[in-house]
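Could you build all of it, start to finish, from the sequences and the hints given here?
Protein chains: 2
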Amino acid sequence: MAHLNETTLDSTMLFDGKIIRVEKDTVLLEDGTQTFREVVRHPGGVCVLAITDADEVLFVKQFRYPHRTVTMELPAGKLEYGENPEACGRRELLEECGCRAKQFSYLGKLFPVPAYDTEVIHIYLAKGLEFDAQQLDEGEFLDVERIPLAQAVRMVLSDAYPDAKTQIAILRYFAMDHVKGIVR
Amino acid sequence: MAHLNETTLDSTMLFDGKIIRVEKDTVLLEDGTQTFREVVRHPGGVCVLAITDADEVLFVKQFRYPHRTVTMELPAGKLEYGENPEACGRRELLEECGCRAKQFSYLGKLFPVPAYDTEVIHIYLAKGLEFDAQQLDEGEFLDVERIPLAQAVRMVLSDAYPDAKTQIAILRYFAMDHVKGIVR
Chain A
1 MAHLNETTLD STMLFDGKII RVEKDTVLLE DGTQTFREVV RHPGGVCVLA
51 ITDADEVLFV KQFRYPHRTV TMELPAGKLE YGENPEACGR RELLEECGCR
101 AKQFSYLGKL FPVPAYDTEV IHIYLAKGLE FDAQQLDEGE FLDVERIPLA
151 QAVRMVLSDA YPDAKTQIAI LRYFAMDHVK GIVR
Chain B
1 MAHLNETTLD STMLFDGKII RVEKDTVLLE DGTQTFREVV RHPGGVCVLA
51 ITDADEVLFV KQFRYPHRTV TMELPAGKLE YGENPEACGR RELLEECGCR
101 AKQFSYLGKL FPVPAYDTEV IHIYLAKGLE FDAQQLDEGE FLDVERIPLA
151 QAVRMVLSDA YPDAKTQIAI LRYFAMDHVK GIVR
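Sequences listed follow chains A and B, in order.
Numbering of the first sequence is given in the working numbering, commencing with residue 1 and proceeding in unit increments.
Numbering of the second sequence is given in the working numbering, commencing with residue 1 and proceeding in unit increments.
Worth flagging that the hints you see were computed from the coordinates, not collected in a lab.
Note that CB positions come from ideal geometry on N, CA and C, so glycine has one too.
Take the hints with a grain of salt, since some may be wrong.
Claimed, not checked - The calculated lysine-lysine pairs, modelled on DSSO-like cross-linking and capped at a C-alpha distance of 30 Å, are:
hint	chain 1	residue 1	chain 2	residue 2
1	B	Lys24	A	Lys24
2	A	Lys78	B	Lys61
3	B	Lys109	A	Lys127
4	A	Lys109	B	Lys18
5	B	Lys109	A	Lys24
6	A	Lys109	B	Lys109
7	A	Lys61	B	Lys61
8	B	Lys78	A	Lys61
9	A	Lys18	B	Lys109
10	B	Lys24	A	Lys78
11	B	Lys61	A	Lys24
12	A	Lys78	B	Lys18
13	B	Lys24	A	Lys61
14	B	Lys102	B	Lys24
15	B	Lys127	B	Lys109
16	A	Lys18	B	Lys78
17	B	Lys18	A	Lys24
18	B	Lys109	A	Lys78
19	B	Lys78	A	Lys78
20	B	Lys102	A	Lys109
21	A	Lys61	B	Lys109
22	A	Lys109	B	Lys127
23	B	Lys18	A	Lys18
24	B	Lys24	A	Lys18
25	B	Lys127	A	Lys78
Stated by the list, open to error - Stretch-level coverage of chain A by chain B, calculated; a stretch enters the list once three of its residues show a Cβ under 8 Å from a Cβ in chain B:
hint	segment
26	10 to 20
27	82 to 91
28	102 to 114
29	139 to 147
30	161 to 172
Stated by the list, open to error - Some but not every residue of chain B turned toward chain A, in silico, with C-beta under 10 Å:
hint	residue
31	His3
32	Val22
33	Leu29
34	Phe36
35	Val70
36	Gly98
37	Ala115
38	Asp117
39	Val120
40	Leu171
Right, dumping it as structure tokens:
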């Protein structure tokens, strides 16, 4: 076995839900021993940093059941099977914020929990925004808020927005303007 | 029911593993309808941004089974039951990097997947580092690398470090130096 590699010997599906699937896999480690890996399978998601002409960031305020708390997050959603990430981002921005964007560019990706979850979240930057009505799914409740970009950066640093994708999108956009040699 | 709130009506444990527990809960939404929530329960984790006197960041390079890839991440680990987060961070830094820190300060937290996972990751900044031998757990394989801080920021922005906690810790530390009115 190569260094820093693992091989699947067996995989057992434990739960096949609406959002996630859960597996327990038997894997071979590089020293020849075996162990188990608990794996959450998720289709992946898309998050949108949408900035108005007045340099305000669009947030969605919603109840997050696992944490029993209301969070402020960027608009985002789960990829449908076979869906293109940009199409998913544009769809979620329209559904959650009633917003269409003239410019839509890729900012990068994140693995929220590489230890036990397959989810990858793609981040897009949306500008040239035009507003229409929200088109929420049934059973979806959220409020849209606009926060000036400079304030949003300060709020991240003061630990007010714990959501990972929200912190990363805002901080990457901010840092791109402050690092020499990075071309946006 | 209040706006932006949900109440648990029923909770069924589906899987009780070594790392995660998985539940399917029946919840009451604010409009009086019911839905299901799939919830991954995790004890939480700690991540350490350890910076040497030469302004290098300590990384661990390891195979991440869910993504079938090798990643570069900050040293980190799972909270033991009842463990203090700072003690956990110091323990993981010693085990993974053979490193003790004279200064250890709290940088903030993140929710990696607020939609369906209870995990909270606490981030610490470690300075005044002293090095000893790695103390890896059985079945744990990782290499330690040192990357100059300015290069680490560029690597995050060029999408080379997808791990969420790694991006957030590095970018928050970077941004704190570039935002007026934020006191470190």
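Okay, the hints, checked on the actual structure:
no. : hint                  : result
1   : Lys24(B) / Lys24(A)   : holds (18 Å)
2   : Lys78(A) / Lys61(B)   : holds (29 Å)
3   : Lys109(B) / Lys127(A) : holds (29 Å)
4   : Lys109(A) / Lys18(B)  : holds (28 Å)
5   : Lys109(B) / Lys24(A)  : holds (28 Å)
6   : Lys109(A) / Lys109(B) : holds (19 Å)
7   : Lys61(A) / Lys61(B)   : violated (36 Å)
8   : Lys78(B) / Lys61(A)   : holds (29 Å)
9   : Lys18(A) / Lys109(B)  : holds (28 Å)
10  : Lys24(B) / Lys78(A)   : holds (19 Å)
11  : Lys61(B) / Lys24(A)   : holds (24 Å)
12  : Lys78(A) / Lys18(B)   : holds (27 Å)
13  : Lys24(B) / Lys61(A)   : holds (24 Å)
14  : Lys102(B) / Lys24(B)  : violated (44 Å)
15  : Lys127(B) / Lys109(B) : holds (19 Å)
16  : Lys18(A) / Lys78(B)   : holds (27 Å)
17  : Lys18(B) / Lys24(A)   : holds (10 Å)
18  : Lys109(B) / Lys78(A)  : holds (23 Å)
19  : Lys78(B) / Lys78(A)   : holds (26 Å)
20  : Lys102(B) / Lys109(A) : violated (34 Å)
21  : Lys61(A) / Lys109(B)  : holds (18 Å)
22  : Lys109(A) / Lys127(B) : holds (29 Å)
23  : Lys18(B) / Lys18(A)   : holds (23 Å)
24  : Lys24(B) / Lys18(A)   : holds (10 Å)
25  : Lys127(B) / Lys78(A)  : violated (39 Å)
26  : 10 to 20              : holds (count 6)
27  : 82 to 91              : violated (count 0)
28  : 102 to 114            : holds (count 7)
29  : 139 to 147            : holds (count 4)
30  : 161 to 172            : holds (count 8)
31  : His3                  : holds (7 Å)
32  : Val22                 : holds (5 Å)
33  : Leu29                 : holds (6 Å)
34  : Phe36                 : holds (7 Å)
35  : Val70                 : holds (5 Å)
36  : Gly98                 : violated (18 Å)
37  : Ala115                : holds (7 Å)
38  : Asp117                : holds (6 Å)
39  : Val120                : holds (7 Å)
40  : Leu171                : holds (4 Å)
Violated hints, in rising order: 7, 14, 20, 25, 27, 36; the structure is consistent with all others.
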